[in-house]
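Chemist: In terms of this note's numbering, the sequence shown opens at residue 1 and continues consecutively.
One or more hints might be untrue.
Here are the computed distance ranges between Cβ atoms for each label pair [stated by the list, open to error]:
1) Glu105 with Arg85: 42 to 52 Å
2) Ser86 with Leu131: 15 to 25 Å
3) Glu74 with Leu131: 40 to 50 Å
4) Arg91 with Gly43: 18 to 28 Å
Read the hints as simulated data drawn from the structure, not as lab findings.
For every residue, glycine included, the Cβ atom is placed at its ideal position computed from N, Cα and C.
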Amino acid sequence: THFEDPLAHLAVSLDAQRAVQVACHDLAHEYAGGRWVALGGGGYAVVEVVPRSWTHLVGIAAGRPVAPETVIPEGWRREVFARTRSLGPVRMTDGRWPVAWASWEAGYDPADRLDQAVVAARRAVFPLRGLLA
Numbered sequence: 001t002h003f004e005d006p007l008a009h010l011a012v013s014l015d016a017q018r019a020v021q022v023a024c025h026d027l028a029h030e031y032a033g034g035r036w037v038a039l040g041g042g043g044y045a046v047v048e049v050v051p052r053s054w055t056h057l058v059g060i061a062a063g064r065p066v067a068p069e070t071v072i073p074e075g076w077r078r079e080v081f082a083r084t085r086s087l088g089p090v091r092m093t094d095g096r097w098p099v100a101w102a103s104w105e106a107g108y109d110p111a112d113r114l115d116q117a118v119v120a121a122r123r124a125v126f127p128l129r130g131l132l133a
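Make the full structure from the sequences, and use the hints.
Modeler: In structure tokens:
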């Protein structure tokens, strides 16, 4: 979830969300005949994050991805300002592009509560799916 999400504390950028969306799309085409289900929410940052993330997702799913450096149309920004009094973002990126992937092993911290949750989920789910824990 995005770093502006006040509940999850995962600190994921919009650009990282887009990279994951591209990876899911590619995996779906490699392993599932192109079929995939996209789920999401977005009750926070309804100007800064939600519209851009969903636009990226729909574009990727439709085979017409939107480049991160794309300028957001001025008409959309005027509409956002008229409704929210917020100027809104100018581009489809939050400036954290390109995204660098890191292996689990490179960033794992046994004292970190999020890493502990990932390990617990892996231990609970992976054996049920025949995967290595």
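Chemist: Look at each hint and say if it fits the structure.
Modeler: Structure-based check of each hint:
1. At roughly 46 Å, the beta carbons of Glu105 and Arg85 sit within the given window of 42 to 52 Å.
2. The given range of 15 to 25 Å is broken by Ser86 and Leu131, whose C-beta atoms sit roughly 44 Å from each other.
3. Between Glu74 and Leu131 the Cβ separation comes to about 48 Å, which falls inside the hinted range of 40 to 50 Å.
4. Range check, Arg91 to Gly43: Cβ separation about 23 Å, and the 18 to 28 Å hint holds.
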